[in-house]
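Chemist: Here's the letter readout for the chains.
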Amino acid sequence: MFKTHYKLERYSIGLAIGIIAVASIGGIVEIAPLFTIHQTVEKAPDMRVYTPLELAGRNIYIREGCYACHSQMIRTLRDEVERYGPYSLAAESQYDHPMLWGSKRTGPDLARVGGKYSDQWQTEHLNNPRDVVPESIMPAYPFLTRTELRIDDLPKHLATQKELGVPYTDEMVANAVGDAYGQAAPDSPQAEGVKARYGDATDIRAFDGNAATVTEMDALVAYLQILGRLTDAAHKQEVTGGIK
Amino acid sequence: MTGPAHETLVAIAKSWGLFYLIALSIGVLAYTFWPGNRKRFNRAKNSIMNDESGPWE
Amino acid sequence: MISTMTITERQIALLISVLVALCGIVLAAAGRHDPIGTHGLLILLAGLAGTFFILRGYYDPEPAPERLTSYFDDPIKVGIVISMIWALVAMSVGDWVAWQLAYPDLRFDGAWSSFGRLRPIHTTGIIFGFGGNALIATSFHIMQRTSRARMPDQLSPWFVLAGYNLFCVLAVTGYLIGITQSKEYAEPEWYADIWLVIVWVTYFVLYLRTLARRKEPHIYVSNWYFLAFILVVAMLHIVNNLALPISLGSSKSYSLFSGVQDAMVQWWYGHNAVAFFLTAGFLGMLYYYLPKRAARPIYSYRMSIIGFWGITFFYIWVGSHHLHYTALPQWVQTLGVTFSMMLLIPSWIAAANALLTLNGAWHKVRDDATLRFMTVAAVFYGLATFEGSFLAIRPVNSLSHYTDWTVAHVHAGTLGWNSMIVFGAFYYLVPQLWKRPRMYSPALVEVHFWLAIAGTFVYVFAMWNSGITQGLMWRTYNDSGTLAYSFVDSLIAMHPYYIARAFGGLLFLIGTAVGAYNIWMTMRTVPTVIGTQADRPVMPEPSRPILQAGE
Numbered sequence: 001m002f003k004t005h006y007k008l009e010r011y012s013i014g015l016a017i018g019i020i021a022v023a024s025i026g027g028i029v030e031i032a033p034l035f036t037i038h039q040t041v042e043k044a045p046d047m048r049v050y051t052p053l054e055l056a057g058r059n060i061y062i063r064e065g066c067y068a069c070h071s072q073m074i075r076t077l078r079d080e081v082e083r084y085g086p087y088s089l090a091a092e093s094q095y096d097h098p099m100l101w102g103s104k105r106t107g108p109d110l111a112r113v114g115g116k117y118s119d120q121w122q123t124e125h126l127n128n129p130r131d132v133v134p135e136s137i138m139p140a141y142p143f144l145t146r147t148e149l150r151i152d153d154l155p156k157h158l159a160t161q162k163e164l165g166v167p168y169t170d171e172m173v174a175n176a177v178g179d180a181y182g183q184a185a186p187d188s189p190q191a192e193g194v195k196a197r198y199g200d201a202t203d204i205r206a207f208d209g210n211a212a213t214v215t216e217m218d219a220l221v222a223y224l225q226i227l228g229r230l231t232d233a234a235h236k237q238e239v240t241g242g243i244k
Numbered sequence: 001m002t003g004p005a006h007e008t009l010v011a012i013a014k015s016w017g018l019f020y021l022i023a024l025s026i027g028v029l030a031y032t033f034w035p036g037n038r039k040r041f042n043r044a045k046n047s048i049m050n051d052e053s054g055p056w057e
Numbered sequence: 001m002i003s004t005m006t007i008t009e010r011q012i013a014l015l016i017s018v019l020v021a022l023c024g025i026v027l028a029a030a031g032r033h034d035p036i037g038t039h040g041l042l043i044l045l046a047g048l049a050g051t052f053f054i055l056r057g058y059y060d061p062e063p064a065p066e067r068l069t070s071y072f073d074d075p076i077k078v079g080i081v082i083s084m085i086w087a088l089v090a091m092s093v094g095d096w097v098a099w100q101l102a103y104p105d106l107r108f109d110g111a112w113s114s115f116g117r118l119r120p121i122h123t124t125g126i127i128f129g130f131g132g133n134a135l136i137a138t139s140f141h142i143m144q145r146t147s148r149a150r151m152p153d154q155l156s157p158w159f160v161l162a163g164y165n166l167f168c169v170l171a172v173t174g175y176l177i178g179i180t181q182s183k184e185y186a187e188p189e190w191y192a193d194i195w196l197v198i199v200w201v202t203y204f205v206l207y208l209r210t211l212a213r214r215k216e217p218h219i220y221v222s223n224w225y226f227l228a229f230i231l232v233v234a235m236l237h238i239v240n241n242l243a244l245p246i247s248l249g250s251s252k253s254y255s256l257f258s259g260v261q262d263a264m265v266q267w268w269y270g271h272n273a274v275a276f277f278l279t280a281g282f283l284g285m286l287y288y289y290l291p292k293r294a295a296r297p298i299y300s301y302r303m304s305i306i307g308f309w310g311i312t313f314f315y316i317w318v319g320s321h322h323l324h325y326t327a328l329p330q331w332v333q334t335l336g337v338t339f340s341m342m343l344l345i346p347s348w349i350a351a352a353n354a355l356l357t358l359n360g361a362w363h364k365v366r367d368d369a370t371l372r373f374m375t376v377a378a379v380f381y382g383l384a385t386f387e388g389s390f391l392a393i394r395p396v397n398s399l400s401h402y403t404d405w406t407v408a409h410v411h412a413g414t415l416g417w418n419s420m421i422v423f424g425a426f427y428y429l430v431p432q433l434w435k436r437p438r439m440y441s442p443a444l445v446e447v448h449f450w451l452a453i454a455g456t457f458v459y460v461f462a463m464w465n466s467g468i469t470q471g472l473m474w475r476t477y478n479d480s481g482t483l484a485y486s487f488v489d490s491l492i493a494m495h496p497y498y499i500a501r502a503f504g505g506l507l508f509l510i511g512t513a514v515g516a517y518n519i520w521m522t523m524r525t526v527p528t529v530i531g532t533q534a535d536r537p538v539m540p541e542p543s544r545p546i547l548q549a550g551e
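Residue numbers (this note's numbering), protein chains in the order written: chain S, 1 to 244; chain C, 1 to 57; chain L, 1 to 551.
Because the hints were derived from the structure by calculation, they are not lab data.
Be careful, since some hints might not be right.
Unchecked claim - To give an idea of the interface, some chain C residues facing chain L are shown, with a C-beta separation under 10 Å as derived from the structure:
#	residue
1	V10
2	S15
3	L21
4	S25
5	V28
6	T32
7	G36
8	R40
9	N46
10	S47
11	E57
Each residue gets a CB set at the ideal place from its N, CA and C atoms; glycine is no exception.
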């Protein structure tokens, strides 16, 4: 009695093992080589990491589900390159945990939106999109200007990213709070440190027009303004390599 | 890791993936059309038609 | 619920509830400055509710040993009810955000009511709330029947059901307060993901233990599909959700993967969630309930086996077709297309098998709305899988990707295939489980059917039109060789389609509400007609006159 019972049990586990074996191969074959891909893709030695403020802005972008309507991946198609700029390279999102390539363009692609509009435009647009684009169907985010940004836990964010392989230095981690504040308060003593750690080209501005407090609007606009500008690799590629 | 590792991985993926696919298809077809399995399958497909009487002891 | 459990099971259940409550306290304390604290309180509440519930019924008499001679159907009933509640909630939210796309200010003044936060409530609520509970309920039903065995214990089915719904509630409430890891269809954060793994392992073990008790020598093919669903979803869920939380007192985590790897892992997950959550398990339903309702065995059992291994093997490769023309290496994209094409074979084998089963029983399809739900599901399954393979072709995808065409495709699958087969299964199950001769109102089943069909068609046609229009406008050049339309131009062109889509969704939602009412009334109304099958004590009566006549 018990013997048949065990046999039957083995039988269903055999089926389960078969399913796993059959279903895992495809994933292994397609995904495993991608972990060695850094050997083949273009390098971007000039690429910098997100500043603490930009990273906080990126997390607001994630929190509000912006990725549901905006892609950040310009495909190698002529009309996309003409509409949005040079096609996206793998290197450009190498530090993006997680990536935000998106799957739907209810609104336009944002991979290279950085620098395309002024801070004031971005702030007004986020406050109420229909103030600047009457036909827009994007939700309004007036609370971003009203909400002070949480910066006290930013060192933990940077440290976690560092552990995952993003090249943050210990100094960057240690100064994350001051850097987040300084980037949105150009006249503060902390502003200089941001330039020293993240480069002279870093945007240091009162993004929402108010330098007194660091708001979620500051962070989100700082993030939008850096999109596509962490490295020049894509623009260089266009000159030398052209479109595939 | 050095340069060739990626190429090797890709090559393995491309070749063995195909062999695996063929072997698997043969295996599944053999199991499905194995004459000895006919009775078992016929029983299975008809057995669900009358299964509300409760668990068998 | 509690009275179905033995005393030992009640004690274990009590222990689990207290443990859950303790976890809630720890999270609430550790995350008091973080959104995770709110979830800690929610978990604490869930644990306390469980504790209270068990204590209230703790001294109820133990279930009689005769229970072992019948199937354990109580969790199935509860699962059906919960599934319908999720359907109503998630479809309402879906239709609300659909109207928001036509009228963007149709919301309350608050962060929680924006499209970006509500949309994952719709997707999670439908896929995991409605679909997941339906899968769990029907799998409990099918595994017992096809094995001719009762589930091995009374606790684990309740744990699976309650634990799974705790996960779903954590997921959707999290989006409202801004907790998400942004991975589409895998938005819940690390602690909810870990909880789901525990629940899922219990589910898998429960399934294997039931199969191990089976008295049928062969495992019926529906169970294969359900096993593939459970196993592969576990694999996908664990790999895609690998992440490092910034601290144990924070909801925020960062994915282990970045950039290209993350994109590939995400769409390997994303497409196989469609394959193994929305296809494999639902095919399990189709292969059981369609033959049962039509009272004809499946056309070809062999086709179902070939289809099974084909789907299990081919599907896993195709996720990369979500990343055509992106920074993903081209050979991976090509593999994705190739397998997407081959996938059509097992998909159509399944659809054809279902329709051939009905050959010779078309009059039943005409007269019986329940069977018609299942038939339409099989047809839409065939259509949606064809469309899927078509959209995977690179040039087609260059037009369709990022547009509403994808939305049309997804909804042809979810409305036309998944929802229809679930409703068909529920209309078959409800009278049987509640021991009623039939549904409360067969006429309302008809009404539901036609509302669902009309809603699906309006929705899908609106989105096909808008998607193709969008795709073409984005790539149209004028005579001087520059792009003819701005993005806003394409947005304006979408407006009428978005209204039509929201209207189609509304029709479907009303149909679901009608169905929920009908199911509710079937449960509540005890049939008054004497002598029906449901009226068990009367059953011996007819034999008496015959006896007398013989004397």
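Chemist: Could you run down the list of hints and mark each one as holding or not?
Modeler: Structure-based check of all given hints:
Taking 10 Å as the C-beta cut-off, the interface hint given for C/V10 holds, the closest approach to chain L being about 7 Å. Proximity of C/S15 to chain L is violated relative to the hint, the smallest CB-CB distance being about 12 Å (cut-off 10 Å). The interface hint given for C/L21 is met, as the beta carbon of that residue sits about 7 Å from the closest beta carbon of chain L, less than 10 Å. Of the supplied interface hints, the one on C/S25 holds, with its beta-carbon coming within about 8 Å of a beta-carbon of chain L, less than 10 Å.
The restraint placing C/V28 at the interface with chain L holds, with a minimum CB-CB distance near 4 Å, inside the 10 Å limit. Below 10 Å, beta-carbon pairs count as interface contacts, and C/T32 has one with chain L at about 5 Å; its hint therefore holds. For C/G36, the shortest C-beta to C-beta distance to chain L is roughly 13 Å, which exceeds 10 Å, and the interface hint is violated. Annotation: interface hint on C/R40 holds; nearest CB of chain L at approximately 5 Å, less than 10 Å.
At about 5 Å, the closest approach between the beta carbon of C/N46 and any beta carbon in chain L falls short of 10 Å, and the interface hint on this residue holds. The interface hint given for C/S47 is met, as the beta carbon of that residue sits about 6 Å from the closest beta carbon of chain L, less than 10 Å. For C/E57, the suggested interface contact is upheld, since its CB lies about 7 Å from the closest CB of chain L, less than 10 Å.
In this structure, the earlier hints numbered 2 and 7 are contradicted, and the remaining ones agree with it.
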